[in-house]
Amino acid sequence: MVTALCSVRVRRGLVGLLALLALYGLAAHIASGRLPTRVSLAVHEIEGVELLPTYSSLVEEGVFLVQAGILLQGAAVSTGRVLAGLLLGSVVGIALGLAMGWTAGFEYALDPWVVLLRFTPALALLPLYVLWLGLGEAAKIGLIATAVAVVMLQGAYQGVRGIPRVYWDAAAALAAPRSLVLRRIVLPAALPQILASLRIAIALGWVTVIAAELIKPSMPSLGYLLALAGAYPRVPTIVIALAAIALLVLVSDGLTLAAYRWATRWMRRRYA
Amino acid sequence: MHRTQPRKVRLQVDDVAFMYEGGTRTHALDGLSLAVHDNEFLAIVGPVGCGKTTFLRIVAGFLTPARGTVLCDGRPVRAPGAERGYVFQEDAVFPWMTVQDNLEFGLRAKGAAPAERHAVAAELIRLIGLRGYERAYPGELSAGMSKMVEVARVLATDPAILLMDEPFGSLDAQTRGQMQDELYRLWEKRLKTVVLVTHDVEEAICLADRVIVFSRRPGRVKAEVTVGLPRPRPLELRLSPEFSAIKRQIWAGLGLAEMS
Amino acid sequence: MSSPGRRRVVLGCVSVAVLICFYTVASNAGRLVDSELLPEPFARLSRPDLLPPTQAIFKALVSLVTGELPPMEGHHTHPSGHVGHLVEQHVTLQGALLVSVLRVLFGVAVGGPLGIMMGFILGWNRTADDYLHPIYILLRSIPSLALITYVMLWFGHGEAHLLIPIVYAVFTTVVIPAYHGVRDLAEVYVRAARSLGAGGRLLFTRVVLPAASPAVLSALRYSLVIAWMTTVGVEMLMGDDGIGHLLVGGGLWSSRLQIGVDPAVIIVGILGLAAVGYVMDAAARIVSDRVTFWARRRRAW
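Residue numbers (the working numbering), protein chains in the order written: chain A, 1164 to 1435; chain B, 287 to 546; chain C, 14 to 314.
No lab work stands behind these hints: they were computed from the structure.
Every clue listed holds true.
To give an idea of the interface, some chain C residues facing chain A are shown, with a C-beta separation under 10 Å as derived from the structure: (1) V23; (2) S28; (3) L32; (4) R153; (5) P156; (6) L160; (7) I161; (8) T162; (9) A182; (10) A287.
Counterexamples of contact, computed for chain C against chain B with all Cβ distances above 12 Å: (11) R20; (12) V27; (13) G80; (14) V114; (15) L115; (16) L145; (17) V164; (18) H170; (19) I189; (20) M293; (21) D294; (22) I299.
Just so it is clear, CB atoms sit at the ideal spot from N, CA and C, and this is done for glycine as well.
Generate the whole structure from the sequences, applying the supplied hints.
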């Protein structure tokens, strides 16, 4: 593991990242005296805007946000929404996807609605959900769940359809009951595809939650922080909020990737 | 065909070593040396994982050895080149090009004129018996035909040496037999130096002048068997005692049989 | 049409028809039956401003397409502020969709090639990949819609602050498939071409590009969906026109939250959006299938 960490590729990657950070710092330093500090928004102009905040102001802002609890609370709320939406959407999506993959009749009946949902950007449903479910958590979580469900449905469906014919036949030849086939054959065989679509769903979930929080902001949340910072405007906060979101996305994606690798370890053969 | 004079050496491999990167730094090859003569058909067999494909890749120029030299026609091998043609185990015909375009590709790379390209491609198509399929796409051909196109494609550039990595490995037994016959026919018509890596001992004996047996990892030359059988070598030859004797020799080298 | 194909169409149509009937009944329940007689949740839901009756949806559709308000019909029709507001600004469904389509196409036309190039560079050159890959992963972790506030500070309130997130979203979506196409899918073909003496331009245009094209084209098709999502998002947030703007109630950004949203308009908007998206996807599929016709599985002989 230590050798893996010290490998050439990791080293170079770190160098690249550090170079980027250094470049940004340099640009911010150069810009601090030069860029205009007056920005015109839709109706009025604002003075004293730092378009490319230096590291010192970022650190200062970051410390403030953390100490005031805004950043951590906001992160917790947003993450909570994503997880809730993910859970709800996955359960519904996987169940429907498996059913559609298994039974052709079910697939044919549901297909028009799935297609409709697939080509409807989840955000377009937001006003509708807010109307039906109020301005609270339900609408946002419902929206995330819808977006996630569409993706997971597709993944589960592909997972089931991708099961080689021979496995179905083997199960039939052994007269296996449906529940057993589901538990021991369908789910494990479809798992890689499901996890692959989970990665996409997580990214989508984050995009949706941030967008939903931007459109219908409510305290505290990362999206609200972003919107507020944008309206004020306070650029260091924007950058920090963006960085926080990016970090959360990275972590959740990394975890899912690890899960995917673990679940597909039986798929990879070693050739001599 | 008999050869009596010492022939010039086309490929000289000296003390080549290669290691796999990664967690376990195992030697794939260690201290490998051999020579291939002009117009010789050399087969390499060995147990699974002995590094025969790695060896071929080094000769082709896809990999760089950790130690040792590889000289092709006296020049050191550093990168892939048209003088060392390579036929792959997988499907390497370009599926987005017609058969004709595939065959002309090597000449196109050389900058040959269209007329020359067409002429060479036409001759090769005739040679492999696929006349009429010039405009077909590889997806429309059977696996065997597609593999023949790949071989012909490599021959189009007139390489000094032909490297083949289990070219018929993915084909079924029957097609494989046909392909072996086809390969022999081609080799007879367009005399070439060939190095064939295969796991099929009988295939090696049917086609080659000399069979080299690689040892287990790390790969070295463990045994060398000259196949003195006259050509052509029809299917029935496989049942002859001479054939079996050679097979036993090779198996001994592989550790599968005792030499009596 | 084959039997399962026919079954698919029939079941699909039946399913759609059943739902429309069910919905019409449910949404009109408030009018047909005295609301006291209905069980509790239904009574609440069947208010016409929550669950617009099918006729209202139809009327909204007509209004938005023709750009004219329907004549007032007594107290059963609710003169919708949303529709009225939109019609007042001469916003039509097709007009809004057109604007959005143009934005989507711009995003794909600019972000697509950029992303493909980046993916090719990373996939081709191991060194560049080592250095740049983590930076890419970092950048793509930032949801493109989140960028909009920051971009607006730089570029003001014109079109740029809408288009940049769309281009960014398409770009980040397309890099990995292009990367995978060059690095993994094209590997054996590149080796074969190299042993035939090919290099440089010939290698790239005749071997690498075609080999990677199935992955790249399917990525572009998928990026259409992403582009639509981002477009609707930026229009809902900050747009002056387009379908997202229509969905949220039209009007200037500042007055956005004051107009009551009419679900009939939303449903009409969503149907229009889905229809356009479906058509674009179908077109993309046809084009990509034609270009990569050779990628079909080989017939087993």
